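The chain contents come next:
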Amino acid sequence: MAVAYTPGLRVSEDAVIRKQRRLPMKGEVLVRPGDRVAADDIVARAEMPGHLHTVRAGQMLRIEPQELESCLLKRPGDGVTRGELIGQTKGLWGLFKTELRSPISGTLEEFSSTSGHLRIREPSRSVEVRAHVGGRTQEVIAGEGAVIEARGALIQGIFGVGGERRGALRAAVDGPEAVLHSEDVGECEGCVLVAGAGAESAAIAAAAEAGAVGLIVGAVRDDTLREYVGYDIGVAITGQEDVPMTLILTEGFGQLAMARRTWDLLGSLEGQLASIDGATQIRAGVMRPEVIVTREVGGAPGQENADRQVLVVGSRVRVIREPHFGALGGVIELPVELTEIETESKVRIAMVELDDGDEVRVPRANLELIEE
Amino acid sequence: MAEATRIVATDCGSTTTKAILIERVDGEYRLRGRGEAPTTVEAPFDDVTVGVLNATGELEELTGCRFLAEARVRTPLDGEVGADLYVSTSSAGGGLQMLVTGVVKSMTAESAQRAALGAGAIVIDVIAVDDGRADHERIERIRSIRPDMILMSGGTEGGTVQHLLDAAEMLVAADPRPRLGRDFRLPVIYAGNSEALAGVREVLGERVELLRVDNLRPELEREELGPSREAIHRLFLEHVMAQAPGYDKLLTWTSAPVMSTPRAVGEMVQLAARDEGTDVLAVDIGGATTDIFSVFGGQFNRTVSANLGLSYSVCNVLAEAGTDGIRRWVPSRIEPEEVRNRLRNKMIRPTTIPQTAEDLLIEQAVAREALRLALAHHVGLASGLKGVQQARTMADVFTQTAGGETLVEMMSVGLIIGSGGILSHAPRREQAALMLIDAFEPQGVTRLAVDSIFMMPQLGVLASILPEAAMEVFRRDCLVPLGTVVAPVGRARGGNVILEWDIGGEQGELRAGELRQLRPPPGEMQQAELLPRRGMDVGAGRGRRWSGPVAGGAAGVILDGRGRPLELPEREDERAAALDEWLRAVEAMPGGPR
Chain A
618 MAVAYTPGLR VSEDAVIRKQ RRLPMKGEVL VRPGDRVAAD DIVARAEMPG
668 HLHTVRAGQM LRIEPQELES CLLKRPGDGV TRGELIGQTK GLWGLFKTEL
718 RSPISGTLEE FSSTSGHLRI REPSRSVEVR AHVGGRTQEV IAGEGAVIEA
768 RGALIQGIFG VGGERRGALR AAVDGPEAVL HSEDVGECEG CVLVAGAGAE
818 SAAIAAAAEA GAVGLIVGAV RDDTLREYVG YDIGVAITGQ EDVPMTLILT
868 EGFGQLAMAR RTWDLLGSLE GQLASIDGAT QIRAGVMRPE VIVTREVGGA
918 PGQENADRQV LVVGSRVRVI REPHFGALGG VIELPVELTE IETESKVRIA
968 MVELDDGDEV RVPRANLELI EE
Chain B
4 MAEATRIVAT DCGSTTTKAI LIERVDGEYR LRGRGEAPTT VEAPFDDVTV
54 GVLNATGELE ELTGCRFLAE ARVRTPLDGE VGADLYVSTS SAGGGLQMLV
104 TGVVKSMTAE SAQRAALGAG AIVIDVIAVD DGRADHERIE RIRSIRPDMI
154 LMSGGTEGGT VQHLLDAAEM LVAADPRPRL GRDFRLPVIY AGNSEALAGV
204 REVLGERVEL LRVDNLRPEL EREELGPSRE AIHRLFLEHV MAQAPGYDKL
254 LTWTSAPVMS TPRAVGEMVQ LAARDEGTDV LAVDIGGATT DIFSVFGGQF
304 NRTVSANLGL SYSVCNVLAE AGTDGIRRWV PSRIEPEEVR NRLRNKMIRP
354 TTIPQTAEDL LIEQAVAREA LRLALAHHVG LASGLKGVQQ ARTMADVFTQ
404 TAGGETLVEM MSVGLIIGSG GILSHAPRRE QAALMLIDAF EPQGVTRLAV
454 DSIFMMPQLG VLASILPEAA MEVFRRDCLV PLGTVVAPVG RARGGNVILE
504 WDIGGEQGEL RAGELRQLRP PPGEMQQAEL LPRRGMDVGA GRGRRWSGPV
554 AGGAAGVILD GRGRPLELPE REDERAAALD EWLRAVEAMP GGPR
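If you're matching them up, the sequences are chains A and B in order.
Those letters in the first sequence? Residues 618 to 989, by my numbering.
Those letters in the second sequence? Residues 4 to 597, by my numbering.
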């Protein structure tokens with residue numbers, strides 16, 4: 618039933634990309650169908666109601682809940698400022714009054730004679746959604762956002778941290794096998810750096826320090842990631858990390874050369890504006906990090922291979938599990954019958970000729986298709 | 004119902020929908036076949052029944068029978084087409100996600116958590132007055148999660164009112180939105196002090212759909228979880244399921260209400276405990292979560308360790324157990340960084356499988372830790388009531404405990420059932436047995452089994468209308484007996500003899516630190532005479548003889564002389580040597596002799 622191998626990640630020079638840009642709540646959409654937008658353009662905006670704060674007014678004034686109304690100096694709908702007197706008891710002969718001051722600025726929304734609490738809402742905040750990719754507004758989602766259609770290069774990574782950012786692509790090392798060291802970083806403010814097989818922890822820190830907005834690299838070691846994020850990521854749901862620079866891995870963890878095709882494509886886009894997003898979610902509805910570089914091109918988009926998810930003799934593959942983890946090769950045989958492997962499990966395998974000439978058998982589940 | 008001869012049952016999981024066919028042949032209910040297909044609750048299908056039809060279609064191909072007509076599972080059976088009964092469970096779309104609130108974390112909030120878990124929910128958070136968070140932190144948290152429903156508890160009858168009102172205020176401030184369906188009001192089940200209900204209703208107003216049930220902790224000494232569990236189940240069907248794509252259709256097909264998958268497994272575990280007349284522990288270890296079910300003294304409990312799993316959440320096991328916690332189960336030297344990188348790669352490519360023996364052993368090491376951590380979680384929650392004043396005698400003064408002791412008593416467990424790919428599909432059944440033994444440390448005499456193809460969910464829902472059919476299939480086709488483990492409890496040191504044994508006429512001595520495997524004919528019960536040495540206990544008391552039948556199975560009878568609690572050698576080389584020896588002793592070493 619299920620696909621018995623990992624479908625390849627998309628690495629496309631010329632793809633049609635549709636990005637849904639939605640507000641977290643109802644608001645105003647600023648674009649119309651057909652409008653052209655730049656990556657930084659705001660497509661929708663909303664006023665998000667401020668958070669509601671509960672004030673235990675009854676307890677603070679030392680009165681019964683039903684007495685609260687008579688002690689309040691403000692009515693629902695009134696604006697209040699932090700520290701402002703908003704309630705007061707009558708005291709004894711006008712003396713010994715207990716005061717209640719507002720802990721925040723906002724609007725008194727309501728009070729309850731049941732609980733003796735009152736609620737103050739913070740001022741609303743403006744929330745904006747930008748296009749993220751330059752293109753054309755294909756569809757407007759009423760009150761929520763729009764779908765932007767763009768043409769350009771699309772590269773999916775395998776794992777990332779950090780959210781959406783945009784910057785010019787800049788190769789920081791010489792080739793896909795090279796590891797990024799601190800001295801490679803140089804001037805990179807606002808750039809999205811590209812490295813090869815790995816990045817040292819100090820180099821990542823230096824890039825962030827120098828103002829790079831992103832780093833695309835084949836792999837990093839687990840401890841490097843932990844050091845960068847500041848904690849162990851336990852579950853593969855990312856994108857919300859509080860990191861100064863978005864990090865996208867194209868191959869995995871450890872030290873793994875970036876796939877040649879990915880490297881070459883990124884190299885051909887040197888200096889162009891890349892829209893990147895590290896958000897990853899590896900459960901139902903798989904989401905992978907992505908790098909998008911849009912461009913103005915005429916003619917029909919490049920045809921993506923329709924049967925790119927089918928493993929056949931001749932397919933280019935990468936082994937994605939030990940003992941040949943990271944090795945590239947071509948499928949030379951796909952035996953139909955189940956084959957016993959070293960673990961003694963009986964599984965479907967593929968015979969693969971690795972690029973170094975070795976012929977190995979690999980469970981199909983441990984192969985990833987690569988388009989070259 | 005007794006006339007049913009052909010039953011189709013499906014389980015709509017988060018990734019796969021599984022269909023099974025049960026038929027009555029010569030007066031016996033047996034499993035006839037199984038089909039599966041990807042679950043289709045998400046785009047582009049957005050309709051769970053598509054996956055049900057595909058899985059049932061595969062079942063048709065494999066069995067040569069026809070169940071589908073007019074694009075549905077036909078019931079009742081019409082000639083040769085359809086089934087007498089069609090039942091289904093579901094955990095698709097992330098299952099039932101709940102927030103629970105209570106007053107005191109270890110008392111009402113814990114009771115509410117037990118109620119929600121027992122009803123098959125995933126508890127996303129527990130909010131209580133003493134949970135160590137400030138109000139604004141709780142509100143932020145409630146905002147960030149989108150529960151399917153909320154269970155509110157707190158206050159015994161006649162107890163606190165103010166804390167319930169505070170909790171209601173907090174919900175208003177947080178304004179939680181339901182996960183599914185933008186236009187319906189979030190269901191809130193109120194199971195707290197009845198005196199606070201009117202106030203809570205006033206505070207919450209029309210913002211939520213408030214449903215009142217009996218107080219789940221009417222007195223400190225009494226817990227009444229039944230009404231809350233029933234309400235959760237009802238709202239699950241009426242609100243949550245009705246919002247999930249295609250469920251309105253599925254609900255019209257089934258011969259019994261659709262059950263949440265964990266609840267169905269829980270029903271089956273309880274039925275098994277009654278049928279076997281013993282305490283039972285069952286585990287389902289998956290890619291994202293590990294569920295543990297137990298029945299002790301007739302009392303059922305379930306816990307979900309939401310982030311202990313072997314693929315998506317494998318790195319959370321790593322974070323909780325530590326790299327050394329995992330390496331300690333690997334019988335060869337492997338660098339910590341290597342383990343960490345491998346597990347990260349498993350997390351991002353969860354469908355890969357171990358190809359080398361070393362990789363398999365690492366994955367099974369992670370499983371041991373995930374199971375161990377999940378059981379520790381279960382032990383904490385499956386407990387007696389905390390905060391109960393207990394009448395004490397003078398004798399108790401010397402053995403005072405805090406109350407709320409765990410119900411989990413490993414010595415009384417007669418049967419451990421394991422399910423989930425790593426256990427059910429281990430290349431050798433002995434490996435599954437040893438993972439369960441190492442992780443759970445059963446005590447005394449305990450039978451072990453695995454659920455062959457994880458059909459406990461379907462059998463659990465079937466049990467709600469045809470329990471004898473469910474039980475017959477459970478015994479004959481669902482459980483694969485692994486055998487029995489005999490584990491004397493006590494400190495086992497220095498290679499001394501700790502047990503003399505006579506099993507089915509074969510006799511011998513078990514030494515401290517030794518693991519030994521006997522191979523009685525499978526399927527036959529053997530009479531066992533077990534005489535533990537002084538200080539050791541196999542169930543009849545320290546140094547006292549235990550007599551009774553033991554069953555063999557795929558892994559035989561395993562005599563575990565490593566003592567309880569199980570302690571691994573401190574030195575790495577000694578530990579690796581011991582693990583190697585134990586794996587070989589029970590024929591669990593990949594590539595080793597059988």
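These aren't lab readings, by the way, just hints derived from the structure by calculation.
Note that the structure is predicted; figures quoted are calculated from it, not measured.
Cβ atoms here follow ideal geometry from the backbone N, Cα and C, with glycine treated the same way.
Any given hint could be a false lead.
Said to hold, decoys possible - Facing chain A, a subset of chain B residues (Cβ under 10 Å, in silico):
(1) E140
(2) V320
(3) V500
Claimed, not checked - Reference listing, derived: stretches of chain B covered by chain A, where coverage requires no fewer than 3 residues with Cβ under 8 Å from a Cβ of chain A:
(4) 68 to 75
(5) 358 to 365
(6) 576 to 583
Now for the hints, and whether the structure bears them out:
1. E140: violated, 12 Å
2. V320: holds, 8 Å
3. V500: Given a least distance of 34 Å, the restraint on V500 (chain B) is violated.
4. 68 to 75: Violated - the stretch 68 to 75 of chain B has 0 residues with a Cβ nearer than 8 Å to chain A, which falls short of three.
5. 358 to 365: holds (count 6)
6. 576 to 583: violated (count 0)
Checked against the numbered hints given earlier, this structure breaks hints 1, 3, 4 and 6; the rest are met.
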